[in-house]
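Chemist: Listed below are the residues making up each chain.
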Amino acid sequence: MIVTKQLRKSFGKHEVLKGIDQHIRQGEKVVVIGPSGSGKSTFLRCLNLLEEPTGGEIWFEGVNITDRRNDINQMRRKMGMVFQQFNLFPHLSVRENITLAPVKLKKLSKEAADERAMQLLKRIGLSEKADAFPGQLSGGQKQRIAIARALAMDPDVMLFDEPTSALDPEMVGEVLSLMRELAKDGMTMVVVTHEMGFAREVANRVLFMDDGVVREENEPEAFFSDPKDPRLQEFLSKVL
Amino acid sequence: MNIISEKLLGIYEAFYNAIVPERRYMAYVNGLKVTLIISLFAVLLGVVIGVVVAVIKVCAAHSKSPAIRIPGKLCDLYITVIRGTPLMVQLLIIYNLIFTSRNTNPILVGTVCFGINSGAYVAEIVRAGINAVDSGQMEAGRSLGFNWLKTMWYIVLPQAIKNILPALGNEFIVLVKETSVASVIAVNDLTKNAQYIGSRTWDLIPPLLIAAAIYLVIVVALSRLLRFFERRLAKGDRH
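Chains as they are written, first to last, in my numbering: chain A, 1 to 240; chain B, 1 to 239.
Just chain A, with the same shape it has in the complex (with noise of 0.2 Å):
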């Protein structure tokens, strides 16, 4: 579903990745972890573009989307993504918030994506949140709205990053478990995080980063009882 091809990306003279072949398949779950300068996160963030590889390719649904002539406008629409500061916009309703997209973008009409909007809020315990701002919403809320607002768009991929990172630890546990059950109902997903047991439950794979590099990956059972790279042992010895 996603392929990148030699990935590259560089912020002035310091090169931040170095080279990353990945391929994520329809359904799979692929939990990104690392120390923080290792590139994750800015991965993550290549895969929509919203930042620009310096070199490499990037294919999405059989798509060449580091291609300038291909709209990535359209191909964004497919890939959800949700951020550390959740970054909800603060001028406009939470119905508003999860409306605003498939209304403008005429992907559905306006009663449509108000019912739509009424199901996502159900469906993560929210209805009663509907005419509220974001202002007013604690951050565990707040994320599980940046999610709603996300799925609204009907995705076929969500990108997490780091989505629990900006949360008190008691609201940590919300957002993991929307998250676990979007994993359920066969959301393909790439999430970036330091919440390991997140990762041993949910991942299909785990991607160890280090200094721009994929240094390991497994599927979670062995990756985290038997790592072969040194750094990631270092790693895990000290998060875990």
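Just so you know, these hints were derived from the structure itself, not from any lab.
The reader is advised that the hints may include incorrect statements.
Claimed, not checked - Just a few of them, taken from the derived set where beta-carbon distance is under 7 Å, the chain A residues facing chain B:
no., residue
1, Leu50
2, Arg69
3, Asn73
4, Arg77
5, Asn87
6, Phe89
7, His91
8, Leu105
9, Leu108
10, Ala112
11, Ser127
Stated by the list, open to error - Here are the simulated DSBU-like cross-link-like pairs (lysine-lysine), alpha carbons at most 35 Å apart as the crow flies:
no., chain 1, residue 1, chain 2, residue 2
12, A, Lys5, A, Lys238
13, B, Lys162, A, Lys13
14, B, Lys150, A, Lys106
15, B, Lys162, A, Lys129
16, A, Lys110, B, Lys162
17, B, Lys73, B, Lys150
18, B, Lys150, A, Lys78
19, A, Lys129, B, Lys150
20, A, Lys104, B, Lys162
21, B, Lys73, A, Lys13
22, A, Lys104, B, Lys73
23, A, Lys238, A, Lys106
24, B, Lys162, A, Lys107
25, B, Lys150, A, Lys104
26, B, Lys162, A, Lys5
27, B, Lys73, A, Lys122
28, A, Lys184, A, Lys78
29, A, Lys18, B, Lys162
30, A, Lys13, B, Lys150
31, B, Lys64, A, Lys5
32, A, Lys107, B, Lys177
33, A, Lys104, B, Lys64
34, B, Lys64, A, Lys78
35, A, Lys18, A, Lys5
36, A, Lys104, A, Lys122
As the list claims (entries may be wrong) - Pair ranges (Cβ atoms, derived):
no., chain 1, residue 1, chain 2, residue 2, range
37, A, Pro35, B, Pro86, 57 to 63 Å
38, A, Asn64, B, Ile37, 52 to 58 Å
39, A, Glu57, B, Ser223, 56 to 62 Å
40, A, Glu181, B, Lys64, 41 to 47 Å
This structure is a prediction, so every number in the text was calculated from the model and none was measured.
Idealized CB from N, CA, C, for every residue including glycine.
Given chain A's structure and the hints, the job is docking chain B onto it.
Modeler: Relative to the frame of chain A, chain B by itself:
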């Protein structure tokens, strides 16, 4: 005692002469109308120009493509020239050079000139307001599939307005006062009409004081109105 009452009577007569005979009060009313018309339309024109220029500049700052960098440079030039030359000179140049036909409407010239002038200042205000919106908002909009311009329109600009409003209000107030310069191109605005009355009564001070008082009332009213809008906008903000 007598001297004081004589003085007061003199002042009363001077103001009476500046207002009542020959229905002179109508001159203030008509002048005020012209001032308000020029101000209102110049503000609207200035905001339109300002927003467009600011959006082009912000876009140019984030892009390497020459298709947008060249308009960005032109916008820089526009702002530099307008802010670097006196308003009165701009007004005279536009009046004498661009609108040369006989039946030029000086009110229209004034409106266009003040609008173009104000646009340069508004552009910088709007640009600062846009830059103050968290960059995550642009990213969130783009990640949903909005193009840059739509994200700007639906997501960033509505939030920028709140940052912009106080400075923009200040610009409106400056503009209302600056329209008094329009009298140099034969626009019969409030200032010009006050001068005219002064030339009829051989006493310039009373009509000018009256004009000053009218400007003051407009400006105070505008400030109140803007404070009201700021409070309204702040209501939606519960961070």
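Chemist: Against each hint, give a clear statement of whether it holds in the structure.
Modeler: Verification of the hints:
1. Leu50: holds (6 Å)
2. Arg69: violated (14 Å)
3. Asn73: holds (5 Å)
4. Arg77: Check passed: Cβ of Arg77 of chain A comes within 4 Å of chain B, closer than 7 Å.
5. Asn87: holds (4 Å)
6. Phe89: holds (6 Å)
7. His91: Interface hint status for His91 of chain A: holds (5 Å vs cutoff 7 Å).
8. Leu105: Status holds, d = 6 Å.
9. Leu108: violated (13 Å)
10. Ala112: violated (17 Å)
11. Ser127: violated (20 Å)
12. A:Lys5 - A:Lys238: holds (31 Å)
13. B:Lys162 - A:Lys13: violated (38 Å)
14. B:Lys150 - A:Lys106: holds (13 Å)
15. B:Lys162 - A:Lys129: Judged against 35 Å, a Cα distance of about 24 Å means the pair holds.
16. A:Lys110 - B:Lys162: Distance of about 27 Å is within 35 Å: holds.
17. B:Lys73 - B:Lys150: Distance of about 23 Å is within 35 Å: holds.
18. B:Lys150 - A:Lys78: holds (18 Å)
19. A:Lys129 - B:Lys150: holds (26 Å)
20. A:Lys104 - B:Lys162: Status holds; Cα separation ~23 Å.
21. B:Lys73 - A:Lys13: Answer holds: Lys73 of chain B to Lys13 of chain A is near 27 Å, not above 35 Å.
22. A:Lys104 - B:Lys73: holds (31 Å)
23. A:Lys238 - A:Lys106: violated (48 Å)
24. B:Lys162 - A:Lys107: holds (30 Å)
25. B:Lys150 - A:Lys104: Holds, at roughly 9 Å.
26. B:Lys162 - A:Lys5: violated (44 Å)
27. B:Lys73 - A:Lys122: violated (50 Å)
28. A:Lys184 - A:Lys78: holds (19 Å)
29. A:Lys18 - B:Lys162: violated (42 Å)
30. A:Lys13 - B:Lys150: Judged against 35 Å, a Cα distance of about 33 Å means the pair holds.
31. B:Lys64 - A:Lys5: With Cα atoms ~25 Å apart, Lys64 of chain B and Lys5 of chain A stay inside 35 Å; holds.
32. A:Lys107 - B:Lys177: violated (49 Å)
33. A:Lys104 - B:Lys64: Holds. Lys104 of chain A to Lys64 of chain B sits at ~28 Å (cutoff 35 Å).
34. B:Lys64 - A:Lys78: Cα-Cα ~27 Å, so holds.
35. A:Lys18 - A:Lys5: Judged against 35 Å, a Cα distance of about 11 Å means the pair holds.
36. A:Lys104 - A:Lys122: holds (23 Å)
37. A:Pro35 - B:Pro86: 57 to 63 Å: holds (59 Å)
38. A:Asn64 - B:Ile37: 52 to 58 Å: Since Asn64 of chain A and Ile37 of chain B have Cβ atoms about 57 Å apart, the given range 52 to 58 Å holds.
39. A:Glu57 - B:Ser223: 56 to 62 Å: For Glu57 of chain A and Ser223 of chain B the Cβ distance comes to about 57 Å; the hint holds.
40. A:Glu181 - B:Lys64: 41 to 47 Å: Taking Cβ atoms as reference, Glu181 of chain A and Lys64 of chain B lie about 42 Å apart, which means the hint holds.
The structure fails to meet hints 2, 9, 10, 11, 13, 23, 26, 27, 29 and 32 from the earlier list, while all remaining hints are met.
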